[in-house]
Amino acid sequence: MKTRIELSLVDNLTPLQLIAFDACTRCNECLNWCPVLDVTGDERLTTPEKIRIYGDLIRARHGLLSTLAGPPEVENALLERLKEALYTCTTCGRCGEVCEVGINTQQLWPAMREKLVEMGIGPMGAQDQTGPLTAEYHNPYGRPHAERFAWLPPDVEVAGHAEIGFYVGCSGAYVAQPMVVGAVRAFAHRGIPFTLFPDEWCCGFPLFIIGENEQVAELVRHNVEGFAARGVKKLLVSCPCCTFMLRERWPEFYGAELPFEIVHTTQFIAEMIAAGQFKLTKSVSDRLTYHDPCYLSRGVRIIDEPRAVIAQIPNVDFVEMAHCRERSRCCGAGGGLRRCDPALSVEMARRLMADAEAVGADTLVIDCPACFERMHLAQGGMVTDLKIVDLMELVSQLF
Amino acid sequence: MQSLFQSFSVIPSPWRVPFYAAGILAVLLALGGTWARVRLWGMGRKDGRGPLADAGLGHLIWLSLTKLFSTDCLFARRVFVRSRWRGWMVIAFVWGSLALAAAVFLSTGFYLLNRAMPAGLDQWASPVLDAAGLILLLGLLAALARRYLFPPQRWISVSADGALLILFTLAVFSGLLLEGLRLAGSGWEAGLRWPVGASLGAALNWLNRQPEFWERLYLATYLAHAGFGFSLVAYVPFSKLFHLFAAQITTSAARRASFNLTLREPHDENAH
Chain Y
18 MKTRIELSLV
28 DNLTPLQLIA
38 FDACTRCNEC
48 LNWCPVLDVT
58 GDERLTTPEK
68 IRIYGDLIRA
78 RHGLLSTLAG
88 PPEVENALLE
98 RLKEALYTCT
108 TCGRCGEVCE
118 VGINTQQLWP
128 AMREKLVEMG
138 IGPMGAQDQT
148 GPLTAEYHNP
158 YGRPHAERFA
168 WLPPDVEVAG
178 HAEIGFYVGC
188 SGAYVAQPMV
198 VGAVRAFAHR
208 GIPFTLFPDE
218 WCCGFPLFII
228 GENEQVAELV
238 RHNVEGFAAR
248 GVKKLLVSCP
258 CCTFMLRERW
268 PEFYGAELPF
278 EIVHTTQFIA
288 EMIAAGQFKL
298 TKSVSDRLTY
308 HDPCYLSRGV
318 RIIDEPRAVI
328 AQIPNVDFVE
338 MAHCRERSRC
348 CGAGGGLRRC
358 DPALSVEMAR
368 RLMADAEAVG
378 ADTLVIDCPA
388 CFERMHLAQG
398 GMVTDLKIVD
408 LMELVSQLF
Chain D
4 MQSLFQSFSV
14 IPSPWRVPFY
24 AAGILAVLLA
34 LGGTWARVRL
44 WGMGRKDGRG
54 PLADAGLGHL
64 IWLSLTKLFS
74 TDCLFARRVF
84 VRSRWRGWMV
94 IAFVWGSLAL
104 AAAVFLSTGF
114 YLLNRAMPAG
124 LDQWASPVLD
134 AAGLILLLGL
144 LAALARRYLF
154 PPQRWISVSA
164 DGALLILFTL
174 AVFSGLLLEG
184 LRLAGSGWEA
194 GLRWPVGASL
204 GAALNWLNRQ
214 PEFWERLYLA
224 TYLAHAGFGF
234 SLVAYVPFSK
244 LFHLFAAQIT
254 TSAARRASFN
264 LTLREPHDEN
274 AH
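If you read the sequences in order, they're chains Y and D.
The working numbering numbers the first residue of the first sequence as 18 and each following residue consecutively.
The working numbering numbers the first residue of the second sequence as 4 and each following residue consecutively.
Keep in mind that the hints were calculated from the coordinates and are not lab data.
With beta-carbon atoms standing in for the labels, derived distance ranges:
#1 D/G165 with Y/D59: 18 to 28 Å
#2 D/A104 with Y/D59: 35 to 45 Å
#3 Y/R21 with D/F153: 35 to 45 Å
#4 D/W88 with Y/V175: 49 to 59 Å
#5 Y/L81 with D/N211: 48 to 58 Å
C-beta atoms are modelled at their ideal positions from N, C-alpha and C, and glycine is treated no differently.
All chains should be built: construct the whole structure from the sequences, respecting the hints.
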């Protein structure tokens with residue numbers, strides 16, 4: 018069976034991304050770093066294959082032959098293989114970080130996935146529930162919208178209008194509440210007036226990352242207008258994926274520059290620490306290590322700030338994992354993988370926890386609600402004493 | 004020594020027209036294929052977001068030409084971060100190819116002007132180019148060894164990439180062999196200007212064959228070298244080797260002030 022490819026494969030790619038399809042040397046260095054390959058052992062699912070197959074499709078669709086003889090027909094088996102390779106991926110971007118010719122894969126995969134969705138091939142497995150759930154509940158988990166702020170501690174004061182807003186995000190609101198509780202307690206501790214948007218919707222990242230962009234502009238407009246109406250000038254975000262989405266993609270979907278600045282909560286706390294406005298007074302006896310979430314480190318380059326916050330803990334015993342900073346391992350939660358291949362994503366989380374244990378850490382500090390959810394899930398099937406704690410949760414226990 | 008002009012005369016008269024036709028066809032295929040591929044770069048979205056988002060095709064071609072001489076490319080910086088062995092391999096490709104390409108353009112230029120290359124330039128360039136051929140060959144042999152003898156634990160490729168590498172190696176090796184045949188029996192003075200070619204020539208001399216044998220072998224090697232060379236030139240735009248026009252652009256775009264180039268152990272021994 019064959020499919021005729023009539024749609025443009027290039028109109029959502031920047032010139033640099035198009036050049037990337039010619040730039041890959043197939044040196045295979047990325048294979049040494051792919052956390053999916055670590056588990057599956059299947060090289061056909063890796064970066065060089067995605068780039069080779071899609072590059073061939075582009076040349077077939079937009080080359081001279083296509084101009085003369087019409088759009089090409091492509092074997093369905095090849096398209097299925099491309100789909101499997103593109104979606105069996107957390108979009109962690111580690112391959113791009115080590116790429117010897119500097120291809121930014123983290124930004125390339127969503128654009129390629131978008132085309133598979135347009136062709137009616139993507140997304141994969143249960144990922145197709147993301148759109149309907151988000152449309153109905155305004156979050157991809159299908160949890161009641163009315164419960165979005167159920168985690169909010171009653172003793173924390175939230176302003177109706179404030180220059181500082183806090184975008185909670187769906188994962189923080191529904192699956193990683195200790196993280197957002199910790200964040201608002203930290204704001205309250207310093208007496209920082211902040212506001213929330215009670216009708217906050219999903220930021221659009223779960224849809225964007227699987228290539229389903231249809232609803233995203235509406236989600237973005239709703240959220241931007243909601244926070245702008247509350248006088249927000251600086252919007253704090255605790256989820257790395259949301260931070261990436263708000264910083265890098267919201268302006269594009271909104272069609273203009275945002276009326277506020279986007280700052281990650283850890284960045285905000287680190288700035289206050291640097292200014293002498295925030296201090297941690299209690300110590301922890303555990304040996305700590307820190308996992309750099311993919312979209313925080315490789316996505317928006319927030320790498321030193323979490324370490325600066327941890328360094329403020331009195332007498333802290335901190336150790337880096339072998340794979341850290343820009344080259345940190347992925348926990349398996351990203352890119353929609355946890356929906357289409359939950360077993361694979363849990364195994365990836367276990368590999369990360371094993372890395373933490375290998376350096377003798379008692380506690381693995383994370384800074385991402387998706388990592389938080391995935392690693393707690395992975396912990397269930399492991400014999401381990403490793404504790405998983407979110408950075409904001411930890412901070413809120415130490416002032 | 005034979006100049007470029009003289010070396011063309013090696014080809015028997017009846018073969019010259021097909022020879023030139025093959026050369027022109029190879030160049031036309033290379034130019035056409037390159038244009039077909041490069042024009043795709045200009046088809047993307049242009050909304051001003053992201054690096055090079057507003058770059059026109061002319062600007063991208065300019066970057067392709069100029070960034071080839073960036074320190075990232077000339078010194079394979081991103082490659083050395085990952086592997087010293089592969090870094091030296093890339094250095095051999097880049098420097099060897101650039102030196103040989105410069106020689107071809109230079110000598111072709113003088114040939115088209117119907118002038119001999121100035122003696123000073125010729126004397127200076129000869130040993131450099133001689134060494135460049137050997138360096139490029141060593142790089143290619145290392146790549147072949149990596150591919151076929153010592154493949155990495157994690158590896159995926161297509162057979163066309165292997166064929167391309169073999170073709171490239173044959174083109175370079177036949178070129179060196181040709182030089183050896185040309186210099187066979189030239190005496191020790193030739194070794195000062197063409198140390199590699201003269202050494203190869205001296206080795207060939209040991210075979211102690213009749214002059215007719217060398218003439219036939221020289222012609223056969225010449226045609227083989229031309230055939231491999233033409234094929235390589237024509238095939239580049241349709242192969243992964245086209246990255247030599249594109250990789251310098253992505254590499255330069257990726258260069259960030261915060262890019263932390265540190266040598267780290269790349270492989271997790273617990274993998275698999």
